Amino acid sequence: MSDNTTGAIRLQAQRSHYREHSVPLYLTSSFTFEDAEQARAVFAEEEQGQVYSRYANPNVDELIQKVCFLEKAEDGFAFASGMGAIFGCLGALLQSGDHVLACRSLFGSTHQLLTNIFPKWGIQYTYADAAKPEEWERLITPATRLILIETPSNPGLELIDLAWLGELKKKHNLLLVVDNCFATPVLQTPTDYGADLVLHSATKYIDGQGRVLGGIAVGSKELIAQIRFFARHTGPALSAFNAWILSKSLETLSLRMEKHCENALKLAEALEGNPALEKVNYPFLPSFPQYVLAKKQMRLGGGIVTLQIRGGYEAAKRFIDNLQMASITSNLGDTRTIVTHPASTTHSKLTEEERLATGITPGLVRVSVGLESINDIIGDIQQALE
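When we follow the working numbering, the leftmost residue of the sequence shown carries the number 1, and every step to the right adds one.
Rather than coming from a laboratory, the hints here were simulated on the basis of the structure. Bear in mind the structure is a predicted one, so any value in this text is a computation, not a measurement. Check the hints yourself; a few may be wrong.
[Said to hold, decoys possible] Restricting the straight-line Cα-Cα distance to at most 20 Å, the calculated cross-link-like pairs of lysine to any residue (SDA-like) are:
{"hint": "1", "residue 1": "K266", "residue 2": "Y291"}
{"hint": "2", "residue 1": "K259", "residue 2": "T6"}
{"hint": "3", "residue 1": "K279", "residue 2": "Q383"}
{"hint": "4", "residue 1": "K248", "residue 2": "Q12"}
{"hint": "5", "residue 1": "K248", "residue 2": "F69"}
{"hint": "6", "residue 1": "K295", "residue 2": "S254"}
{"hint": "7", "residue 1": "K170", "residue 2": "W136"}
{"hint": "8", "residue 1": "K72", "residue 2": "S220"}
{"hint": "9", "residue 1": "K266", "residue 2": "I374"}
{"hint": "10", "residue 1": "K171", "residue 2": "D161"}
{"hint": "11", "residue 1": "K317", "residue 2": "P362"}
{"hint": "12", "residue 1": "K259", "residue 2": "S220"}
{"hint": "13", "residue 1": "K266", "residue 2": "S254"}
Input sequences plus hints: build the corresponding full structure.
Structure (C-alpha cells):
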C-alpha cells in the first residue's frame with residue numbers, strides 16, 4: 001500500500017475463523033498455549049505469539065502497525081498515555097550521567113520530567129531556544145545522549161527545522177526524538193529528516209474525539225527493543241479497548257486533519273487585525289515568524305491557533321467566560337473546538353519566568369479548532385472577544 005490513507009484504513013489484525021470484517025476486541029489479560037513446549041518457545045521468543053496483554057495484544061499490535069506505516073518506522077510500542085510514551089522512551093534509553101538537549105518549548109509534564117524527575121537519577125538537561133539554532137551545537141556536551149523536541153510546540157507553535165536538526169544529530173552521533181503530536185503523520189514525517197523515534201499522545205488527534213487516553217512511540221527495531229523491555233517490566237501498557245478505538249480513529253485521521261487545518265487557517269485569517277488581540281499565531285499565516293519553514297516541512301498548518309489577548313489574564317478570563325459554543329477544557333485535537341488558558345492550566349506548574357521564556361504570557365489562549373461549521377467557530381470567538 002503506497003498511500004497513507006489506504007494503509008490507515010486497510011492494515012488490520014489477522015482475521016479469526018469467524019471471518020469478521022471489523023476487527024474484534026481482544027479483551028483478555030492472557031493467551032493460552034497448545035502445550036508446554038509452545039509456552040516455552042513463545043517465552044523464549046523462538047516462536048511468535050501472544051503471551052499477556054501487558055506485553056502485547058492483537059488490538060495494540062494493529063495500532064502499532066498502522067502508526068509505523070504512517071511514520072515510516074520499523075517498529076513501535078503503545079502506552080497508556082502520551083506521557084507514558086515519553087517517560088518510557090527516555091527511561092529506557094537514558095542512564096545516570098547522561099545529558100538531554102531539549103527545545104525550551106515543551107509540554108508542561110515533559111518539562112516536569114526533565115527538571116524534577118530525571119535529575120533524581122543523575123540525568124541532566126539543557127534547554128535550547130528554537131529561535132536561536134546557532135546556539136544548539138555549543139550546548140552539546142560529551143554526556144549528551146539525545147535531542148528531544150516538539151514541532152510545532154505546545155502551546156507556543158514554535159517550529160524547529162527538522163532538516164537542519166537531522167544533520168546536527170548525525171554530526172554528533174546523537175538520538176533525535178520528535179514529539180509529533182501537533183502535526184500528526186498527516187502533516188509531517190520526522191523520519192524523513194533522520195528522527196530516530198517519533199512520539200504521539202494518541203489522546204489528541206489520533207483519537208480525535210476526546211474519548212480515550214493513549215501514547216505511542218515508533219522508530220528503529222533496535223531502539224524499540226530497548227523500550228519494549230523497559231515498558232514490559234514497568235507496566236505502562238495500553239488497554240486493548242483504547243487501542244481498538246485509536247486504530248479505528250486512524251481510518252479518518254487524514255480527512256479530519258485536512259478539515260481541522262482548513263478551519264484553523266480560516267479562523268486565523270478572520271481574527272488577524274482584531275482590536276482585542278495583540279497577535280494571532282498560526283504556522284500557515286504569512287505573518288507567522290517561521291512561515292517559510294512551516295511551508296517547507298509541513299503539508300498543512302495544523303489545527304491549533306493561539307491568540308495573544310490585549311489586557312493579560314483578566315481579559316483572557318473574560319474572553320473564555322464569554323464563549324457560548326467552544327468547550328473550556330485542557331485537551332486538544334477534538335472534533336469540538338476547545339479553548340485553553342495554558343498559563344493557569346496545562347503549564348501552571350512552570351514558574352512565571354519559565355512560562356515567559358516559551359512565550360506563554362498571561363494573555364495567551366490556545367484554540368484547538370474543531371470540525372464545526374467555520375462560521376459558527378468564528379462567530380463564537382468574535383462575540384467572546386467583543
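The hints, checked one at a time:
no.: 1; hint: K266 x Y291; verdict: holds, 16 Å
no.: 2; hint: K259 x T6; verdict: holds, 18 Å
no.: 3; hint: K279 x Q383; verdict: holds, 17 Å
no.: 4; hint: K248 x Q12; verdict: holds, 10 Å
no.: 5; hint: K248 x F69; verdict: holds, 15 Å
no.: 6; hint: K295 x S254; verdict: holds, 18 Å
no.: 7; hint: K170 x W136; verdict: holds, 14 Å
no.: 8; hint: K72 x S220; verdict: holds, 10 Å
no.: 9; hint: K266 x I374; verdict: holds, 7 Å
no.: 10; hint: K171 x D161; verdict: holds, 16 Å
no.: 11; hint: K317 x P362; verdict: holds, 10 Å
no.: 12; hint: K259 x S220; verdict: violated, 32 Å
no.: 13; hint: K266 x S254; verdict: holds, 19 Å
The structure fails hint 12 only (numbered hints given earlier).
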